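Trainee: Spelled out from the first residue to the last, the chains are:
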Amino acid sequence: MELYELTAHEIADQIAAGQLSAQETTKACLERIAEVEEAVNSFVMVTADHARTQAVQADERLTEGEAPSPLAGIPIAIKDVMCTRGLSTTCGSKMLEDFVPPYDATVVQRCSQALLPMMGKTNMDEFAMGSSTENSAFKVTANPWNLECVPGGSSGGSAAAVAAGEALVALGSDTGGSIRQPAALCGIVGLKPTYGRVSRYGLIAYASSLDQIGPLTRDVTDCALIMNVIAGPDPQDATCADIPVPDYTEYLTESVKGLTAGVPTQLLGKGIDPQVRDRVQAAIDQLQNMGLECEEVQMPHIDYSLPVYYIIAPAECSSNLARFDGVRYGYRTPTETDDINELFAKTRAEGFGPEVRLRIMLGTYTLSAGYYDAYYLKALKVRTLIKGDFDSAFEKYDVLLSPTSPTVAFRIGERADDPLAMKLADICTIPVNLAGIPAISIPCGFVDGLPVGLQIMGRAFEEGKLLQVAHAYEQATDWHRQRPSL
Amino acid sequence: MADISPEEVQHVANLAHLALPPEELARVGHELNRILVYFQELQELDTEQVGSTSHAIAMENVYREDISRESLPVEEVLANAPDRADVFFRVPRIIEE
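Those protein sequence lines, which keep their order, are chains Z and C. Mapped onto this note's numbering, the consecutive letters of the first sequence carry residue numbers 1 to 486. Mapped onto this note's numbering, the consecutive letters of the second sequence carry residue numbers 1 to 97.
So that you can see chain C by itself, here it is in the shape it has in the complex (with noise of 0.2 Å):
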């Protein structure tokens, strides 16, 4: 696979909502370049009847009772809150007036 272009890692940055500057960029662009050649090894194995695992310990649906219960109190979440009004987070406008 060819090299990752520095647009492409700038794609990715957004994706990541990373806003890294450009030395950084080059960095990590390099970086991934090291780390993916790595990964081609992988290639050499055939996985076409292979199945996927994403959890290792086999595990049914786990069901409970829909019991309501006390959420924590709204003073002691907002105490960690980096800005807020009233028992709100507060962040920039997202929403047209």
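Extracted from the complex, chain Z is given alone in its bound form (with noise of 0.2 Å):
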């Protein structure tokens, strides 16, 4: 097996043994992304350097005997919604084209700490808003498995980057499933946890009651380790809870026995591939003869998941969004104008593309007045309704399981043109933020040669749960063995 084909706990063994250094490591991850980027396109833009430096870095600590971290060494790349200071950060939009933040995200700062070196900022739907990483603004990033089709979004780089193994780990973020969904159709391992769990400085904000970070990484056990180094409370921003962190790894014990499971039978009917149901219930069945106790559970209100969280994330959107103006920071109209109205105007015209300023449009309509109630407040008191259709499932289950995506990779330009269907991506994995709730998706099988995502869910920062029993699945199988052939 090549080096980028391995796990990041498989290298960081070999070099916690002294076989291996982080200076080869990133190098043979650089000598990959030089091989397959032009086909793949994970990256807005590749920082090599900054990798090598961090890389000298983490071999000067190791040999010192004092590594910061069992991730010393391993090639990460990061979403380019995350603040990196010093290096542009654009969102994948023109409006953030020329950004350079004047500081770090508190999760790329953590990750710096720990000494990963950070290949690249990958590529994404603009402002994260898709589910396909076509809507960027630079570039339509292509699936590993297929390159005729998308890797998912809209953190789709940072899946397509670990699945090509240009970058052994990766961050994204997830606001209705722009994590797990890219890992499902790439064929990795994609964790959204608790809202709160993991900090938010310096994440440029799409839906910040929905946003979160996580990890997508190759196996489970890379996951927990990504997650020791992000999780935890941060002065920087009063929604990360300041809740004891446990160390994730603990919870890879290989057993699922005494714990229960409920499979939502909304989340497994209609709307959902055929295909990829069979290959999502052979999962579960696999999993209840392991000794997880499974049954169906009814949770009907999940059925509206979908129009609230178009109403709340746009509602929220419009609003966050505001602050791009031309005036402090970002892209600015050419027009010569005295009138400052006119500038806005202008600016965010061309600066935004077409889904965003749709969404702005939408969440500004919703929260308009004479409609705030019958659309925003409504869709706030059935997210209220779809929360406790979990907390009672919850009351009786550890876990509940579905698809992470109700299809394998779609074609690159097929739903294009239809917004809907494009929507519909995310049926499985809306719910879960507006919930809240920590979720993982992990590799289950292929369907025409594309991989299926099985989606764990579970209690609010119980997240050890779910690795505990997506790591005993995965000990199980060996979907997450398979690498695409480039």
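Rather than coming from a laboratory, the hints here were simulated on the basis of the structure. In this text, all values refer to a predicted model and were calculated from it rather than measured experimentally. Mixed in with the good hints there might be a few duds.
Unchecked claim - Under 7 Å between C-beta atoms, here's a sample of chain Z residues computed to sit facing chain C:
| # | residue |
| --- | --- |
| 1 | 257 |
| 2 | 329 |
| 3 | 345 |
| 4 | 358 |
| 5 | 384 |
| 6 | 445 |
Stated by the list, open to error - Some chain Z residues flagged as far from chain C (calculated, every beta-carbon gap over 12 Å):
| # | residue |
| --- | --- |
| 7 | 50 |
| 8 | 57 |
| 9 | 194 |
| 10 | 263 |
| 11 | 270 |
| 12 | 297 |
| 13 | 316 |
| 14 | 325 |
| 15 | 355 |
| 16 | 367 |
| 17 | 368 |
| 18 | 380 |
| 19 | 412 |
| 20 | 465 |
What the hints assert, rightly or not - Which bits of chain Z does chain C cover? Going by a derived footprint, with three or more residues having C-beta under 8 Å, they are:
| # | region |
| --- | --- |
| 21 | 100-111 |
| 22 | 470-477 |
From the three backbone atoms N, C-alpha and C, an ideal C-beta is built for every residue, glycine too.
Taking the hints as your guide, dock the two standalone chains into a single complex.
Mentor: Next up, the structure:
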């Protein structure tokens, strides 16, 4: 096996044993980028010099015998929605094409302190709005399993980079499925932590009550190791919970005995591709055989998740994105004008792409006088009902199981003119963000050579239990060991 | 609910500070009407007695000591400004002489 095909913990073991250096590992991933990036297009920007410098630092510290983390020297890719000091951060938008943040996001700082060399900033749907990474202002990322297909989105660049071996781990952000869905479509592991488990400081906001940063990795052990680096309270983010962080690797026990799982019928019925359903059902059966007690559960309000999400997320986005006005940073219209309102309106119309403009319009409308109660307030109330379904289910079950995505990766361009079909890509993932709970996607098979993901959902702040179930399944299967041939 | 009129779409664009050309206004109006129809299904649910959830994870107020800290260096912050004058962001005049 090539070095770029290994998991992060396999390489970390070799680095710890002195058989491999951080610089050799970084070099291997940079060579892989040179080999496949033209076809995959995972990155908005490759930061090779930055990565090499960090790798040198990692080797120095490792030689001194004081590695700050078991992942020191492991190449990481960062979604271009997280601020990196001195390195441009575009959010996939013309609006921020030339923006160079004066500070690091907390997660970037923590990965840097843990000495993970940053390979680059990954491509994404503009402002994280989309499910295919086709909405980027700069390029279209391809799925490493089939270059004619999308990698999913919005963290499609991060997922593709890990699947292709251009980085060994990556960070993404997830507002309605943007970590889990691309992880599923690219055959890797993706975790959306509980709302408040990971700091959002320096994450360019889309919908602040839903956004959460999390890892994309090749297996569950790597996921646990990254969570150990990024989770935990941050004085810079008041919504980041002051709750102790366990060592997530302690949950990797390989056993599911004594645990119970609910399978929401609403997430295995209409809208789910029959072949995907068969693969997910087979995974559930296997977990049952391993000792996980599974049974069907009714969660009737889940069916309303999509309209609730498409009211709440655009409403929050219309407010969050008001800051892009061409004054302090970002794009400004070249039109000469004496009118400040014209400056704002032209700048925003020219700087934002069509999907972002549409969502700002939608959010502005549902929040505007006369419609607030009918749309926004109604959505907040139905959100309570959806959360209630989860609360009831978790009184009985430790975890819930479903497909991550209703289909495998679709072809580039196929849904570009059908926004509603595109939005259906997130029917299984959106309820999780509305409830604020954690969920992980792990590989559970293939349909027509394209990966299928199993979603495991858990109670708030019980990421450990998700990792336990995910790891047990992973150890009993070899889906996560498959690599695309590029 | 009735369709959004073109005038209403223009009004929303003004509120959102988006200078959209006529064909874009038409496109957005069409899309909005499609999406709003889809929102109607929420009216099936009786939520008279249901509270609203703005944040899924309940949290009390978070306090911290009010300690002064160093701010970002002015030059670094202004480096991103589309237009500047001295240590200020420059914009068209907003106060009449």
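Trainee: All hints are to be evaluated individually against the structure, with a verdict given for each.
Mentor: Here is what the structure says about each hint:
1. For residue 257 (chain Z), the interface hint is violated, the least distance from its beta-carbon to any beta-carbon of chain C being 30 Å, above 7 Å.
2. Contact between residue 329 (chain Z) and chain C, as hinted, is supported at the beta carbon level, the nearest pair being about 4 Å apart and thus within 7 Å.
3. Among the interface hints, the one on residue 345 (chain Z) holds; its C-beta lies about 4 Å from the nearest C-beta in chain C, closer than the 7 Å criterion.
4. Interface restraint check: residue 358 (chain Z) against chain C, minimum CB-CB distance 6 Å, threshold 7 Å, status holds.
5. Taken as an interface hint, residue 384 (chain Z) checks out: its beta carbon lies about 4 Å from the nearest beta carbon of chain C, inside 7 Å.
6. Interface hint status for residue 445 (chain Z): violated, as the beta-carbon distance to the closest one in chain C is roughly 31 Å, over 7 Å.
7. The beta carbon of residue 50 (chain Z) is kept farther than 12 Å from every beta carbon of chain C, the shortest such distance being approximately 18 Å.
8. Against chain C, the non-interface label of residue 57 (chain Z) holds: every CB pair exceeds 12 Å, the least being about 23 Å.
9. With a cut of 12 Å on Cβ distances, residue 194 (chain Z) falls inside the contact zone with chain C, its closest approach being about 7 Å.
10. Residue-level check passed: residue 263 (chain Z) sits 22 Å from the nearest beta carbon of chain C, beyond 12 Å.
11. Distance to chain C confirms residue 270 (chain Z) as a non-interface residue, since its nearest Cβ pair spans about 14 Å, more than 12 Å.
12. A cut-off of 12 Å between C-beta atoms confirms that residue 297 (chain Z) is not in contact with chain C; the least separation is 19 Å.
13. Not every CB of chain C lies more than 12 Å from the CB of residue 316 (chain Z), the least distance being 10 Å, so the non-interface label is violated.
14. A cut-off of 12 Å between C-beta atoms contradicts the statement that residue 325 (chain Z) is not in contact with chain C; the least separation is 7 Å.
15. Residue-level check failed: residue 355 (chain Z) sits 10 Å from the nearest beta carbon of chain C, not beyond 12 Å.
16. Taking the minimum C-beta to C-beta distance to chain C, about 9 Å, the non-interface status of residue 367 (chain Z) is violated against the 12 Å cut.
17. Listed as a non-interface residue, residue 368 (chain Z) fails to keep its Cβ farther than 12 Å from every Cβ of chain C; the least gap is roughly 6 Å.
18. The beta carbon of residue 380 (chain Z) is not kept farther than 12 Å from every beta carbon of chain C, the shortest such distance being approximately 4 Å.
19. Listed as outside the interface, residue 412 (chain Z) is consistent with that label: its C-beta sits roughly 22 Å from the nearest C-beta of chain C, beyond the 12 Å cut-off.
20. Every Cβ of chain C is farther than 12 Å from the Cβ of residue 465 (chain Z); the closest lies at roughly 17 Å, confirming the non-interface assignment.
21. Only residues whose C-beta sits within less than 8 Å of a C-beta in chain C count toward coverage, and the region 100-111 of chain Z has 3 of them, enough to reach three; the restraint holds.
22. By the rule of at least three residues with a Cβ nearer than 8 Å to a Cβ of chain C, the coverage given for the region 470-477 of chain Z is violated, with 0 such residues.
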